[in-house]
Amino acid sequence: MLRQIIHEFLLSQGNISAERLADPSVRMTDLGLDSLGVVEMLFEVEDRYGIHVDDVMQFQNMTLNEVVANMEQIVRQKHGGNIPDMVAVEKAPG
Amino acid sequence: MAGLTGKLRALGWGTYEYLAMGSGLTALALLGIVSLPLALALLVLPGPVRIPLGRRLIAGTLALYLGFLRVFCSVRIDASGLRALQTSRPLILVANHPSLLDAVILLSMLPNAACVMKGSLKRNLFVGPMTRLSGYMDNRDPMLLVRRACEELDGGAQVVLFPEGTRTRCAPIGPFGEAAALISARSGVPVQALVITFDKPYLGKGWSLFKKPSLPLRITVRRGEQFAAPSDRLALTGKLESYYRGVLKA
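If you read the protein sequences in the order shown, they are chains A and H. If you read the first sequence in numbering that gives the first Met the number 0, its first letter stands for residue 0, the second for the next number, and so on. If you read the second sequence in numbering that gives the first Met the number 0, its first letter stands for residue 0, the second for the next number, and so on.
No lab work stands behind these hints: they were computed from the structure. For each residue, glycine too, the CB sits at the ideal point set by N, CA and C. Heads up, a few of these hints could be off.
Label pairs and their computed distance ranges (CB to CB) [to be verified]:
1) P83(A) with Q85(H): 41 to 51 Å
2) L44(H) with D54(A): 26 to 36 Å
3) G31(A) with Y15(H): 49 to 59 Å
The task is simple: from the sequences and hints, build the whole structure.
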């Protein structure tokens, strides 16, 4: 589910193809995602799982697989070792 | 004879321009020296008291400085368009950045504004304590910046930022960063464009602090178009950039 959210976000960027995402070793920078693009992607996951990501910079040079693994770890920490199926939508103000 | 009079007048005016520049810088330095200990002392206050107080202190100090420039240095500033924003609802205020004086003018008139500034300024001996006092944000960590900006807007403040990220390198406008659009998309708050124009260049990118201005200097700040919160940050950033390109070329 988490991987799917990230994939959907990346595909919505318009310039990233599904074929590129099929390569788990592709890096965020290779996908042309700048720091604000990474921020937007992380917000997407934060909102769905009610988590809080602190160090955005670390994600920029990660591969797609590493990003998913790191996010899963953060989600598990927040939810007592589980990744909830039902997403907890927690939108920002406004 | 007329030629000699003209030369003497030009020499006199040139001398005045140097004096005006020197006295303007001195006034700024004195205000900085006076306000620095005050800023340091107020840093101990809790955020909810410190931040509004700090913003008012900055607005007052900068207004004094601009008053000096108006009276003694032949600097004519028309920023009347900002008055309506002093009591307006939260907005993301973006502006082009032709000079160091831009932020001075905006912050002097917007005492409820949270400004986004370069991270290096927070470490500056004089500017750092004032910016910490006022809870201004820096652009080093983009996620923290977007979060903080959304909190400021949610708390009723206006967020001021210069999407070029630095003073304009190449006229009429440099490439825009996407932070304003992302903050707008995330907070749902519209983006209000402010258009700053100088009739002569002064304190722009590469302009030495000690290079004299050509006076009188006329500066205008006017409210431009307002852009609704987007669903696509890239699209809004493109719109903003072409809007500025259009109005500044006209």
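Results of checking the hints against the structure:
1. P83(A) with Q85(H): 41 to 51 Å: 45 Å, holds
2. L44(H) with D54(A): 26 to 36 Å: At roughly 29 Å between Cβ atoms, D54(A) and L44(H) fall inside 26 to 36 Å, so the hint holds.
3. G31(A) with Y15(H): 49 to 59 Å: At 53 Å between Cβs, range holds.
Against the hints set out earlier in the document, no violation occurs for any number.
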